[in-house]
Each structure stands twice: as C-alpha cells, then as structure tokens.
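Student: As a plain string of letters, each chain reads:
2 protein chains.
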Amino acid sequence: MITVLEGGVTRVPGFLAAGVRAGIKRRGLDLMLLASEDGPVVAAGAFTTNLIKGAPLLVTMKHVKNGELAAIVANSGSANAYTGKRGLRDARRMTRLVARLLKLRTGDIAVASTGLIGLRLPMRKIETGIRAAVEELLNSREASLNAVKAIMTTDTTPKEIAVRVDLGDGTPVTIAGIAKGAGMIHPNLQTATMLAFIVTDAAVSPAALRAALQNSIDQSFNMINIDNETSTNDMVLALANGRAKNRSITLKHQDKRFQAGLDEVLTELAWMMAKDGEGASHLIEVQVKNARNKGDARRAALAVAGSNLVKAAIFGRDPNYGRVIAALGYSGASFDPSKLSLELVSDRGRVNLVKRGKPRPWRAIGRARDLMRSKEIEIHVDLAAGKACATAWGCDLTYDYVRINSRYTT
Amino acid sequence: MITVLEGGVTRVPGFLAAGVRAGIKRRGLDLMLLASEDGPVVAAGAFTTNLIKGAPLLVTMKHVKNGELAAIVANSGSANAYTGKRGLRDARRMTRLVARLLKLRTGDIAVASTGLIGLRLPMRKIETGIRAAVEELLNSREASLNAVKAIMTTDTTPKEIAVRVDLGDGTPVTIAGIAKGAGMIHPNLQTATMLAFIVTDAAVSPAALRAALQNSIDQSFNMINIDNETSTNDMVLALANGRAKNRSITLKHQDKRFQAGLDEVLTELAWMMAKDGEGASHLIEVQVKNARNKGDARRAALAVAGSNLVKAAIFGRDPNYGRVIAALGYSGASFDPSKLSLELVSDRGRVNLVKRGKPRPWRAIGRARDLMRSKEIEIHVDLAAGKACATAWGCDLTYDYVRINSRYTT
Numbered sequence: 035m036i037t038v039l040e041g042g043v044t045r046v047p048g049f050l051a052a053g054v055r056a057g058i059k060r061r062g063l064d065l066m067l068l069a070s071e072d073g074p075v076v077a078a079g080a081f082t083t084n085l086i087k088g089a090p091l092l093v094t095m096k097h098v099k100n101g102e103l104a105a106i107v108a109n110s111g112s113a114n115a116y117t118g119k120r121g122l123r124d125a126r127r128m129t130r131l132v133a134r135l136l137k138l139r140t141g142d143i144a145v146a147s148t149g150l151i152g153l154r155l156p157m158r159k160i161e162t163g164i165r166a167a168v169e170e171l172l173n174s175r176e177a178s179l180n181a182v183k184a185i186m187t188t189d190t191t192p193k194e195i196a197v198r199v200d201l202g203d204g205t206p207v208t209i210a211g212i213a214k215g216a217g218m219i220h221p222n223l224q225t226a227t228m229l230a231f232i233v234t235d236a237a238v239s240p241a242a243l244r245a246a247l248q249n250s251i252d253q254s255f256n257m258i259n260i261d262n263e264t265s266t267n268d269m270v271l272a273l274a275n276g277r278a279k280n281r282s283i284t285l286k287h288q289d290k291r292f293q294a295g296l297d298e299v300l301t302e303l304a305w306m307m308a309k310d311g312e313g314a315s316h317l318i319e320v321q322v323k324n325a326r327n328k329g330d331a332r333r334a335a336l337a338v339a340g341s342n343l344v345k346a347a348i349f350g351r352d353p354n355y356g357r358v359i360a361a362l363g364y365s366g367a368s369f370d371p372s373k374l375s376l377e378l379v380s381d382r383g384r385v386n387l388v389k390r391g392k393p394r395p396w397r398a399i400g401r402a403r404d405l406m407r408s409k410e411i412e413i414h415v416d417l418a419a420g421k422a423c424a425t426a427w428g429c430d431l432t433y434d435y436v437r438i439n440s441r442y443t444t
Numbered sequence: 035m036i037t038v039l040e041g042g043v044t045r046v047p048g049f050l051a052a053g054v055r056a057g058i059k060r061r062g063l064d065l066m067l068l069a070s071e072d073g074p075v076v077a078a079g080a081f082t083t084n085l086i087k088g089a090p091l092l093v094t095m096k097h098v099k100n101g102e103l104a105a106i107v108a109n110s111g112s113a114n115a116y117t118g119k120r121g122l123r124d125a126r127r128m129t130r131l132v133a134r135l136l137k138l139r140t141g142d143i144a145v146a147s148t149g150l151i152g153l154r155l156p157m158r159k160i161e162t163g164i165r166a167a168v169e170e171l172l173n174s175r176e177a178s179l180n181a182v183k184a185i186m187t188t189d190t191t192p193k194e195i196a197v198r199v200d201l202g203d204g205t206p207v208t209i210a211g212i213a214k215g216a217g218m219i220h221p222n223l224q225t226a227t228m229l230a231f232i233v234t235d236a237a238v239s240p241a242a243l244r245a246a247l248q249n250s251i252d253q254s255f256n257m258i259n260i261d262n263e264t265s266t267n268d269m270v271l272a273l274a275n276g277r278a279k280n281r282s283i284t285l286k287h288q289d290k291r292f293q294a295g296l297d298e299v300l301t302e303l304a305w306m307m308a309k310d311g312e313g314a315s316h317l318i319e320v321q322v323k324n325a326r327n328k329g330d331a332r333r334a335a336l337a338v339a340g341s342n343l344v345k346a347a348i349f350g351r352d353p354n355y356g357r358v359i360a361a362l363g364y365s366g367a368s369f370d371p372s373k374l375s376l377e378l379v380s381d382r383g384r385v386n387l388v389k390r391g392k393p394r395p396w397r398a399i400g401r402a403r404d405l406m407r408s409k410e411i412e413i414h415v416d417l418a419a420g421k422a423c424a425t426a427w428g429c430d431l432t433y434d435y436v437r438i439n440s441r442y443t444t
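First to last, the protein sequences are chains H and V.
Residue numbering for the first sequence follows the numbering used here, starting at 35 and increasing by one per position.
Residue numbering for the second sequence follows the numbering used here, starting at 35 and increasing by one per position.
Do not rely on the hints blindly, as some may be mistaken.
What the hints assert, rightly or not - Over 10 Å on every C-beta distance to chain H, these chain V residues come out as not near it, computed from the model:
#1 101
#2 245
#3 285
#4 302
#5 357
#6 383
#7 401
#8 404
#9 437
To be verified - Derived, one-sided and incomplete: chain H residues facing chain V with beta-carbon distance under 7 Å:
#10 85
#11 86
#12 116
#13 151
#14 202
#15 204
#16 206
#17 264
#18 266
#19 356
#20 359
#21 360
#22 364
#23 371
Since the hints were made in silico from the structure, they are not lab data.
Idealized CB from N, CA, C, for every residue including glycine.
Taking the hints into account, I'd like the entire structure generated from these sequences.
Tutor: Written as structure tokens, this is what we have:
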C-alpha cells in the first residue's frame, strides 16, 4: 500500500532543502539547494536526448557517473545552454562553490539550470545566492516548498509529492520528489525544460536505482512527451541515503513495492506538469487498452494526447472524435478501424463516441460537450488488437498558450 | 525557363472544370468536377499514409491503378471518412453518376472529399450537385476558379497556378494545379486534408508521371508536413493528356524540364498552403544547408518549421533563437553545435543570430524584431556538416489558429 504524505523532499529523513532569491529572474525565488546530511549517497540520473545539452547537464552527467551525489544546486531564469566553454566553466563553478561551503567534493555536486537558452549566467548573483541557500538549508516543510518554487519558470503551481511504502521486507521507506514543468506540455513538453529531483531513504544500489528510475520515467515523464521535442536541459536525479536500513535493493534483489512507490511519485509529478501546461484549461488523459504491444499502446496514447487538433477541440469543448481517430491512424499503431472503440470520460460521466467501429451520430453527442465542462478529460481508446495498455497525459491548446509562448523573452 | 501563367487548370488544353453549390456546407461552392475532353488520359496519384483512409481514397486508389483517369469529382463539407460500408457505397455512387453523365467508365473517375470525419454524405444534394457541375463544365478562367473554391474548407484564398515550360525536345507544355490546404499547416498539415489536382498536356507514361509526381511531392507538400500527422483523406492526383505531342516522357527517357515545371507547380501550391495556414500571420521558410545528407537536411528543416515554440515566438516577433537550436538538437540531424550558424532573413534585411557556434548577445538583436514585421520570415540554418540542403515551410501559431480549431464542428 502507498500512503501519500503532506509535503515534499524534506519528508525524507536526512535531506535538507532551501530556496532563495538570487536575482536572476525579475522576481521570486530562483536558486535552490537540496543536500544530503550524510554526505555522498547513492544517486542516479536521466538526461535529455537532445544533441545539444546545456552546460549543467554535461557537468552533472560526469558527476553522477560513479553513482553518488551529495547535493543538487539549481537555478531558474537562465538555462546556461549554448553558452560554450564559459557556460561549462560557470556550471563547474557552481558545483565547486557548493562543495566548498558544504565541505564536500566537487564531483559530488549536481547542477541544473532552466530558463532562456543562449544567456550567460549572472555568476555574481548566483554565488551570493548559493551562500544564502547554504545558510538556509533546513529539513522543514517550508524549505521543500521554497526549493521547488525556486525552479519554477512558467509553472503556476509548485509540484511536490511524498509517499510512504512498505518494502517487501516490511521496512517502511519514504520517497519524495519536486519538479518543474514543462511549460510546454505536449507536443513539446520539454523544450521548456523539465526538472525533477527525487529523494528516498531506501537502501538501493546505484544500478538498481538507475533501472528503477528509468522504468518510472518511461511511464510518467516520457508519457507527457512526444515528437522528440526534448529540451537541452531536461534532467531527472534520484538520491537514496539508505537510512531506512531495508534489505538493500539490487538488480538481483529488486523490490516491486519500491518500484510502485517510485512510479507513484513520478506519475503524480508528470500529472501535475500536464495539468499545469502553459495556458492549459483542461488536463487530457489518454488511456489506450488492448493494443497489439506496449510500443503500439504508447505510440497511440502519445499521438492522441499530442495532437494540436485534439487539444484545440478539447479547449473548445468540441467532441470532434474524428481528430482522435485521425491521430490513432497516423500514430503507427496497428489496429482494425472497424473494431475501434472510443469513450469520453470525466467526473460528469462517460459517453461512448465510437463502439466497435460504429461512430455515434454527430447530433447525438451533445452530452459529450457537457462532459467536457470538467477540468480533467479522459479519452479511453480500445484498439481491440491485443492486450497491451498505456496512459499518456497532455493539456489543451488555448489562447493563453499562444500568449505565453509568443512573449517569453520580452 | 519556366513561365508562370495567369489562371489555373483550365490553362491546359483539353481539360474542363466546374464548381457548384450542392448545399453540403452552410454556404459557398462545395462540389467540383474536373474532366478530360479526351476521355481517359494518363494519371498518377499519391495518397495519405494514415492507417485510416477515407472511403473516397479507397475508391480512387483502385480506379487510378491502371494509370488512367478521365475525371475527378470532389466535395467539401464532409470527408466521407470513418463511414463504413455505406461511405464506400456513397463514394462509388459519386463516380458512377459522373461516369454515366459523361459517358465514361466508372473506373475512370476519381473521387475526393474533405471536411468533417464520421459524417455520411448528403447523397441527394451531391447527386443534384454533380448534375449541375456536368452542365457547367467549361474551359474558362472562371471554371477553374469555381472548381478550386468548391474544395476550400478553412482556406482563406483559392490556390491555383499554371506554368509553361519548354521540354528537352523543345515542345512547350503547360502544367497547372489547384489545391486546398491544409488548414492546419505544421505540425499537422494534413489533418485538415490536403487535396491537389494537377493537369498537363505533356505526353508522359503512367510510370514516369508517378515517379515525377512523387519527386515533386517530396520537396513540396511533404516539406510542409511533419509528425506523420496525415489526414485520412489527403490525395494528390495528376492527369496528363499528351496533347502537346512531345516525345513521350518515360522512366527511360525522363525530362528534367518537365520535372522542374512540376516541381514549380507543387512547390508554389505548398507555399500558398503554408501562407494560408489556419490563423497564420507569418509564413516561415526554413532553409537548411550543409547537412550531412538529404535526410538530415529534411529532418532539421521540418523540425524547426514544425516546432510550436518557434511558431509561437515568430507570432510574437520574438527572436528566441534558442528554440530554433533546441529544435535542431532534437531533429535527429547530426551536426556540431559549435559550428552551427543561424540567420534570420526577411524583405527588411538579414540578421546573423548565431555565427559558427557563437550566439549574438541577446540585447544586440533588437533588429531581428524589426525584421519580423514582414509577413514572410526565412530562417537560414548552416549545419556545417556536409553538402545537402532542404527547405521546409510552416506558419506561425496564433490566437486565430486556436480559435479556428476549437470551433470547427460548432
């Protein structure tokens, strides 16, 4: 059983957080620090597949390679991407300063940045900010909230979650995470950079943590991404300090409950990102079942959730299921159109749009419009081609989305 | 040399056109007929790759298989897609009626439909419309214009072009085309269905016409499409009546000038579609040069032209070149970011945004904002990785785009 707890990363014993204003953005907190009280602990990371990687990623990828990290420093307001050698130097300087102040090795510090591409970091402000953050490191509710606020860009809500789960050996462990969206959820979630930092007190080997993290990412963050539109700076890091003293989780001795807990944390964060997509007025959840295989299920779900036409129709509360069908058709998934079923679901009920290939007459689906008054819309797709399923998330395409993204730098 | 002529398909001797109001749409012309005066002539077609194909496509794919067609009937207002066996029967009925009235074989008639998916065709109205169109068939300027108007959906301008070109053997031939967009140019051009009908008086074998048509499509319509977001009903047809009496073009005796003329017709129509993208305020042309190979050049150009973030930035006249760089990075093209150059070009001049890996300082590119006052914006990308080049077209993402696509059925 998974229990959801109040609060964020500081619910996990042994982790401290801080969020301060360094003055990089025009207003608000913009520099965060997340640190282990035990020095270096087990760590794993996942990074953007974009050919162009921001300087912080190049530094962090190197630092996490040995499976250990002790702290994460991150800023919003500037991505430090496409900034050449000076950018690399700046990212390294951030890790060096944190290491010095916390009496750690530079190689144990991860660094992340989010914001505009092509801007150099204001290093003086950042250094002052890092000093302030080190002073403020705390294991409090507020500290976790400040940390997540400091990495927000176009996010309208801070995203954090903590869960408790009993492992296979009966030991209770806590898993928690903070994240920033994903301004541009669907079809290019991560061009606005997705950051997520996960901590746990479970004892787990670096390889097992890496594997579990990748599993969770594949069904969470990667299901709100489509079109390979990955940012230069996407980063997910997980730190595990082993304080729970469970029987250590390894590749050989995996623990399904740990995976379930981690899945819950990442899926919740992904869901919050989709819900907070730039300018979004509806969350769209696409559940595909009975696909020929997992790949088909994922492709089909992502194609529907990522279709601009579907997204615009949902904004306009227009039950234009033809657009869903067209998206399924070009998704690359194999299925027989004459067996396809489609259902629209919200907290106001459910409406069959297509049943085993038979569309409902257009005039008869006024009820679907009513369903779409809800903020969360589910599209259930039955491909009738096999047994695999997948869920993807997106949000609608609105006037506000255009407004936000046409005025980002100015 | 290619000479652009006034007018559309009726510039080609031996072809008649008509566009009438059948009453399928709320207003305007909605049924067109294009017919050869010589009965069946050489024909080739290209069709959507969407798994789900509208009924008219299934019928037309069969009828064009023998390399001959005599007439094309098309309607707007309803796509006759996802309409099951009754839809197939309706599409066949349309070809049968045209054949009977024009004293042709049913197998020589192509049929196309565009509009909402999942609606049955109002067959009584369509049959009355077909009879009226047959009466009105003419080789006049107005007939061509009426024909193209009858296939418009969200298009704001009729798209037609005619060119004259001297073939290798000195014979002048005419090539002309009409098309409908592509409401939703980029990233899913064809979900709103793209139709293009090309006619020529050149003498060309079915196989050579098919090959030439595919070549032209690859650098025109396929460069304003991305993400596999193809509609259920996309169709391009070409008819060649041989009246020019040139030495017949075959796969063995190809003619570069014929190809160039055809390229011109399709590229112009593609350009018109991009410019008329739903709600568009800017046409975006992305020219990629020095890519490692053709595939990389195409991928890179399409990724930039199809990026929602780039499109929104151009709407807001925001020279946010980081978004272009991010799109190039995830495009799949191979290149060295430190050698990349980016230039913004319009009729107001040109601005270097990145020169061999060095971005211009943010503050210094106010001039780029001024350039973006033009309606047509070019982004020139030098990947410095090889010698291949490609051009893609798109349009910006605007409030009107969202408005149009959130209120399509209602």
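Student: So, against the hints stated earlier in the document, which numbers end up violated here?
Tutor: Going through the list in order, the structure violates hints 5, 9, 14, 15 and 16 and respects the others.
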